[in-house]
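Model the full assembly from the supplied sequences, consistent with the hints where possible.
Protein chains: 6
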Amino acid sequence: MPYVTVKMLEGRTEEQKRAMVEKVTEAVMETANAPRENVVVFIEEMPKNHYAVGGKRLSDQ
Amino acid sequence: MPYVTVKMLEGRTEEQKRAMVEKVTEAVMETANAPRENVVVFIEEMPKNHYAVGGKRLSDQ
Amino acid sequence: MPYVTVKMLEGRTEEQKRAMVEKVTEAVMETANAPRENVVVFIEEMPKNHYAVGGKRLSDQ
Amino acid sequence: MPYVTVKMLEGRTEEQKRAMVEKVTEAVMETANAPRENVVVFIEEMPKNHYAVGGKRLSDQ
Amino acid sequence: MPYVTVKMLEGRTEEQKRAMVEKVTEAVMETANAPRENVVVFIEEMPKNHYAVGGKRLSDQ
Amino acid sequence: MPYVTVKMLEGRTEEQKRAMVEKVTEAVMETANAPRENVVVFIEEMPKNHYAVGGKRLSDQ
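Top line first, the protein sequences correspond to chains A, B, C, D, E and F. Counting along the first sequence from 1, when you hit position 30 you're at 30 in the numbering used here, and nothing is skipped either side. Counting along the second sequence from 1, when you hit position 32 you're at 32 in the numbering used here, and nothing is skipped either side. Counting along the third sequence from 1, when you hit position 47 you're at 47 in the numbering used here, and nothing is skipped either side. Counting along the fourth sequence from 1, when you hit position 55 you're at 55 in the numbering used here, and nothing is skipped either side. Counting along the fifth sequence from 1, when you hit position 33 you're at 33 in the numbering used here, and nothing is skipped either side. Counting along the sixth sequence from 1, when you hit position 61 you're at 61 in the numbering used here, and nothing is skipped either side.
In case anyone wonders, no lab produced these hints; they're calculated from the structure. One or more hints might be untrue.
What the hints assert, rightly or not - Going by beta-carbon spacing under 7 Å, a handful of chain F positions derived as facing chain A:
hint : residue
1    : Val6
2    : Gly11
3    : Lys48
To be verified - Taking CB as the label site, the calculated pair distances span:
hint : chain 1 : residue 1 : chain 2 : residue 2 : range
4    : F       : Leu58     : B       : Leu9      : 12 to 22 Å
5    : D       : Glu14     : B       : Glu45     : 48 to 58 Å
6    : E       : Asn38     : A       : Asn49     : 14 to 24 Å
7    : C       : Leu58     : E       : Asn38     : 27 to 37 Å
8    : B       : Ala19     : C       : Glu37     : 16 to 26 Å
9    : E       : Glu30     : B       : Glu37     : 46 to 56 Å
Note that beta-carbon positions come from the ideal geometry of N, C-alpha and C, so glycine has one too.
Below, the structure is given as structure tokens:
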């Protein structure tokens, strides 16, 4: 605890994901006063045809 | 805002998904009084072996 | 199935919510070819201090 | 209702998943007083590079 | 890991919830081969006006 | 995009939450290469009787 879920379009590199979970974990530790080992991060990727803004999928733009 | 997630079995065509996000977006705009560009729709698909009703997965029926 | 979750700021009236689940259900039925009784809608409301865009909560703007 | 989501690392066998949804469904039926046919279980699998504890992904350990 | 979320209508007693997380945890331990201390259960309750089947909220039936 | 959800026990102050969404947003911007205005953060709080580790709710410990 806390449990953080980052939902984003697919396409980030492994290096970006590795850095992201590190930095997000530190941000949560510092501000929510949580021990490092308790912070959990999940990444959820979505393809462009499963994400729509204003009724239009990214794959249709 | 609003953020709408539609979770369903995989297998719909691209044409069905395109129509679904359009119609769902309009339904939310009209009833929740939200501007079109603020409505976000996520599609989440699940395979038949990851979905169970009454303790039995669809892949086992 | 499908299962639809609508996440939005609190504040809509009961009449708006009732109309929203009706219209969203019809939108999904028509486009995903799902029988009416199988469509499930969940509403999730969030307060302004639990929602941030660009690093700023709505309650801080 | 209830709707149960089990989020776990990928790698379980079909036999494990089949048993898991059966046993979880029974656990919920017995304790939440829900009829069998109303209990729904979703499985969500995540890869090792999308799950981090303490700022480190399982794929980086 | 695994992380289990049980989403249900509000109204269960504390005793029911306590039993439910115990039984669900055991069901997951046995079938997913997970150590007890790794199994996490979240309960999410919803009111009757935020849950609809077939386009009709439970509060409207 | 990205959409970040932070799920944690209730009890943090408004000041902690405000700082958390700021820091998490910056962590995501820097590492996922996302413009500030596209980063969305949701906070979800849970009470101690709705969160269990190892089959025991925090309210029962």
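Verification of the hints:
{"no.": "1", "hint": "Val6", "result": "holds, 5 Å"}
{"no.": "2", "hint": "Gly11", "result": "violated, 10 Å"}
{"no.": "3", "hint": "Lys48", "result": "violated, 11 Å"}
{"no.": "4", "hint": "Leu58/F / Leu9/B: 12 to 22 Å", "result": "violated, 35 Å"}
{"no.": "5", "hint": "Glu14/D / Glu45/B: 48 to 58 Å", "result": "violated, 19 Å"}
{"no.": "6", "hint": "Asn38/E / Asn49/A: 14 to 24 Å", "result": "violated, 35 Å"}
{"no.": "7", "hint": "Leu58/C / Asn38/E: 27 to 37 Å", "result": "holds, 36 Å"}
{"no.": "8", "hint": "Ala19/B / Glu37/C: 16 to 26 Å", "result": "holds, 21 Å"}
{"no.": "9", "hint": "Glu30/E / Glu37/B: 46 to 56 Å", "result": "holds, 49 Å"}
Hint check: violations occur at hints 2, 3, 4, 5, 6; the rest are consistent with the structure.
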